[in-house]
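Undergrad: Chains A and B are the protein sequences, given in the same order.
Under the UniProt record's numbering, the first residue of the first sequence is numbered 1, with each subsequent residue one higher.
Under the UniProt record's numbering, the first residue of the second sequence is numbered 1, with each subsequent residue one higher.
If you are wondering where the hints come from, they were derived from the structure by calculation, not from laboratory data.
Please note: incorrect hints may appear among the correct ones.
No copy labels: a pair is met if it fits in one copy or bridges any two.
Stated by the list, open to error - Within a straight-line C-alpha distance of at most 20 Å, the following computed PhoX-like cross-link-like pairs (lysine-lysine) qualify:
1) Lys61 - Lys123
2) Lys98 - Lys51
3) Lys61 - Lys98
4) Lys51 - Lys131
5) Lys131 - Lys45
6) Lys52 - Lys123
7) Lys140 - Lys123
8) Lys117 - Lys61
9) Lys61 - Lys78
10) Lys140 - Lys45
11) Lys23 - Lys190
12) Lys98 - Lys187
13) Lys189 - Lys203
14) Lys189 - Lys78
Given the structure is predicted, the values throughout are model-derived calculations rather than measurements.
Number of protein chains: 2
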Amino acid sequence: MAEVKLFGFWASPFSRRVELALKLKGISYEYIEEDLSNKSPSVLKYNPIHKKVPILVHKEKPLAESLVILEYLDETWKSNPILPQDPYERATARFWRKFIDEMLLPTATRANRSTGKEQEQAKEEVHQQLKILEDELKGKEFFSGQRIGYLDIVANILFWFEYPEEVTVGKVLTPEKFPIIYEWIQKLKKVDVVNECRVQKEKYQDFIKSISVVKP
Amino acid sequence: MAEVKLFGFWASPFSRRVELALKLKGISYEYIEEDLSNKSPSVLKYNPIHKKVPILVHKEKPLAESLVILEYLDETWKSNPILPQDPYERATARFWRKFIDEMLLPTATRANRSTGKEQEQAKEEVHQQLKILEDELKGKEFFSGQRIGYLDIVANILFWFEYPEEVTVGKVLTPEKFPIIYEWIQKLKKVDVVNECRVQKEKYQDFIKSISVVKP
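Could you build the full structure based on these sequences and the hints that come with them?
TA: Laid out in structure tokens, this is it:
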């Protein structure tokens with residue numbers, strides 16, 4: 001059996017993060033697509049606490065949580081590092097990771113799932129948080145500097161930009177309001193491995209229609 | 001001026017985490033207590049995004065977020081490591097860190113701030129999550145193994161145990177229900193550096209009374 005296995009779900013940005021890191025680092029792996037409506041015994045066995053994907057299994061040892069997996073990959077396979085080597089730069093990347101996953105993501109989820117006044121307020125907060133990210137990206141090629149790295153992988157949730165009709169928060173993320181983030185997405189889309197790990201628009205549209213109640 | 005400065009707030013478990021790590025690692029530092037009702041220009045300058053403490057300033061370079069700071073300290077000062085050296089064990093510690101800060105902490109905050117049925121539900125969730133942590137600690141001296149480490153520092157929010165009258169969630173954390181966590185707290189209280197970084201009960205009681213609206 002493969003030394004590295006990844007249990008994932010195609011539409012999950014968290015699964016896509018791990019796949020992109022594996023590809024960028026050149027680690028060979030076996031991918032197992034999970035049916036989230038009928039989770040396999042492997043998911044329950046390897047991630048009994050959260051029962052969620054992505055799960056990485058390396059030499060039969062399981063790991064859950066995309067951000068935990070990304071750091072594990074970088075510490076275990078030293079070639080093609082995705083995190084900065086300098087401790088202060090690495091800490092700064094972790095600071096922004098927290099901003100994206102613990103500030104922007106919950107706010108955006110609230111904007112997607114609420115209605116009326118609550119939704120308007122959440123959209124305004126998303127707007128302010130994106131403005132902060134736009135400023136952070138100013139003058140850089142990628143979030144991680146001259147080439148794609150850890151923070152670009154983490155920021156893959158910004159591909160919402162691509163689905164303004166499907167995801168409420170996509171309407172906030174217009175090229176006019178956020179030209180730098182928009183430009184960053186265009187650059188990412190030109191990179192082969194990113195495209196291999198990107199959720200394709202048409203497939204996503206069909207998926208969203210099929211689960212219309214559970215908007216991401 | 002000191003090479004390492006820590007801006008903190010005495011009652012913040014996040015500030016206490018950083019102090020404990022500095023002491024465990026033997027790093028000398030200058031501590032600056034912040035008045036959160038009247039934040040100093042330093043807080044606004046060094047942490048413009050969140051305007052919160054703790055903030056570590058090392059050689060004039062600022063860092064915010066307790067978890068980010070803990071990893072930075074361990075990567076910059078190699079002696080007395082607080083994180084495990086093995087990548088898989090380190091990843092496992094990060095998995096539990098996420099569980100504590102992103103699952104248990106928000107649930108406990110909800111239990112503290114809500115009332116009636118919502119509070120009962122949140123308390124039940126806290127109970128379930130603590131059961132998972134209790135199982136994780138079973139058979140170990142500390143969360144980090146034979147000696148205090150990263151995960152014990154992160155789990156310092158469990159000192160709620162000590163304030164059953166002041167913090168709603170403290171009522172859930174009884175020695176009868178969670179004997180292993182309770183025993184762990186008794187062990188921690190015997191360690192000098194932990195005690196130096198612990199919020200003293202009497203002072204905390206007065207503080208909670210003074211801000212009775214904003215229960216932690």
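Undergrad: Each of the hints needs a verdict: does it hold here or not?
TA: Hints and how they fare:
Taking identical chains as interchangeable, the C-alpha atoms of Lys61 and Lys123 are never at most 20 Å apart, the minima being 40 Å within one chain and 33 Å between chains. Taking the shortest Cα distances, Lys98 and Lys51 sit within 20 Å of each other only across copies (15 Å), while inside one copy they are farther apart (22 Å). For the homomeric pair Lys61 and Lys98, the shortest alpha-carbon distance between copies (19 Å) is at most 20 Å, but the shortest distance inside one copy (26 Å) is not. For the homomeric pair Lys51 and Lys131, the shortest alpha-carbon distance between copies (17 Å) is at most 20 Å, but the shortest distance inside one copy (34 Å) is not.
When the C-alpha separation of Lys131 and Lys45 is checked against a cutoff of 20 Å, the pair qualifies only between copies, where the shortest distance is 18 Å, while the shortest distance within a copy is 41 Å. In the homo-oligomer, the alpha carbons of Lys52 and Lys123 never lie at most 20 Å apart, since the shortest distance is 27 Å inside one protomer and 23 Å across protomers. Taking the shortest Cα distances, Lys140 and Lys123 never come within 20 Å of each other, neither inside one copy (26 Å) nor across copies (46 Å). Taking identical chains as interchangeable, the C-alpha atoms of Lys117 and Lys61 are never at most 20 Å apart, the minima being 46 Å within one chain and 40 Å between chains.
Proximity of Lys61 and Lys78 under a CA criterion of 20 Å is satisfied intra-copy only: 19 Å inside one chain copy versus 27 Å between copies. In this assembly of identical chains, the alpha carbons of Lys140 and Lys45 never lie at most 20 Å apart, being 42 Å within a copy and 23 Å across copies at closest. With identical chains, the CA atoms of Lys23 and Lys190 are at most 20 Å apart within one copy only, with a shortest distance of 15 Å there and 48 Å across copies. In this assembly of identical chains, Lys98 and Lys187 lie within 20 Å of each other by CA distance neither inside one copy nor across copies; the values are 24 Å within and 32 Å between.
With identical chains, the CA atoms of Lys189 and Lys203 are at most 20 Å apart within one copy only, with a shortest distance of 17 Å there and 56 Å across copies. Proximity of Lys189 to Lys78 under the C-alpha cut-off of 20 Å is found in neither arrangement, the shortest distances being 26 Å within a copy and 40 Å between copies.
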